[in-house]
Amino acid sequence: MKAEFIEPFVGAAFSVLETVTGQKPVRGQLALRTSTFTTQQITIVAGVNGNVEGVALYGMSLATATRIAGAMMASQVDELNDMALSAISELGNMVTGNAITRLSQNGYDVDITPPSVIKGTQVEMSTKIPALVVPINTPFGSIEVNVALAEVAMAAAA
Amino acid sequence: MPKRIMVVDDAMFMRATVKRILEQAGYEVAGEAENGQMAVERYGELRPDAVLMDITMPVMDGISAAKEILKTDPKAVVLMCTALGQQNLVIDAIKAGVKDYIVKPFQPERVLEGVGKALGAA
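In order, the protein sequence lines correspond to chains A and B.
The numbering used here applies: residue 165 is where the first sequence begins, and numbers increase by one.
The numbering used here applies: residue 22 is where the second sequence begins, and numbers increase by one.
Treat each hint with caution, since some may be false.
[Stated by the list, open to error] Derived contacts from chain A toward chain B, CB cut-off under 8 angstroms, selection only:
| # | residue |
| --- | --- |
| 1 | 184 |
| 2 | 186 |
| 3 | 246 |
| 4 | 250 |
| 5 | 262 |
| 6 | 265 |
| 7 | 276 |
| 8 | 278 |
| 9 | 281 |
Don't read these hints as lab results, they were simulated from the structure.
A virtual CB, placed ideally from N, CA and C, is assigned to each residue, including glycine.
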């Protein structure tokens, strides 16, 4: 995977997290992940399609998700109920939407699918290609941004 | 009489957030929809003064829904409210007759400014 694909997602995550929580995140070390891995307690999954295809995954603990949802909702959240899950899902939507806007500024024509949230640590995820991973540390806990994207060869014009 | 707004977003959290912003500013939320198809149907029933519409939604996306609504009611006041900020989408929406394009995450003032201007110009 091209390293240039992850930067828009990290930049978007920083920008969105700071706006919705009011707290500045800190970037961790870039790593490469095998194409099959086990999810964290909460994983937001957003598909990317167009001339770059793949998936963006945002993994975090249940406690982190609950605290971030509380910050987004500006209220005390004790459990990840339907409204809190919707807030976390929307976080994934905003980060991915913001990221593909940045990708489009680099000349890529891409779109996203509505995000899904997976709850549970025993879920085995598989991506077409190994993902690049950047942990983002926030006062609410750490979020792993996983991006597995590849350019799609476009058919030559007739 | 408060102006009546319809809020369209597949995320319950966003509908609740936008509803709170609008109601605190004195607007009435006439109804909600969670996808573009539902928005087109509910627009016909509710005839709101304005529609705040997400783009990335299941069943029918927000740009297609906005075009459908504006085809049946060319005077409809539709504002997009989305995480997608690509230039081609903004141009497509404005060409379709959408009054404003608000990118998430937004500050409440941005939503109120957009709705206020769009209704003022309607």
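For each hint, the structure was consulted:
1. 184: Status holds, d = 5 angstroms.
2. 186: Violated, because the Cβ-Cβ distance from residue 186 of chain A to chain B comes to roughly 11 angstroms (cut-off 8 angstroms).
3. 246: The hint holds - residue 246 of chain A has a Cβ within 8 angstroms of chain B, the shortest such distance being about 7 angstroms.
4. 250: holds, 4 angstroms
5. 262: Cβ of residue 262 of chain A sits 6 angstroms from chain B, so the hint holds.
6. 265: holds, 4 angstroms
7. 276: holds, 6 angstroms
8. 278: The hint holds - residue 278 of chain A has a Cβ within 8 angstroms of chain B, the shortest such distance being about 6 angstroms.
9. 281: violated, 11 angstroms
Violated hints for the displayed structure, listed by number in ascending order: 2 and 9.
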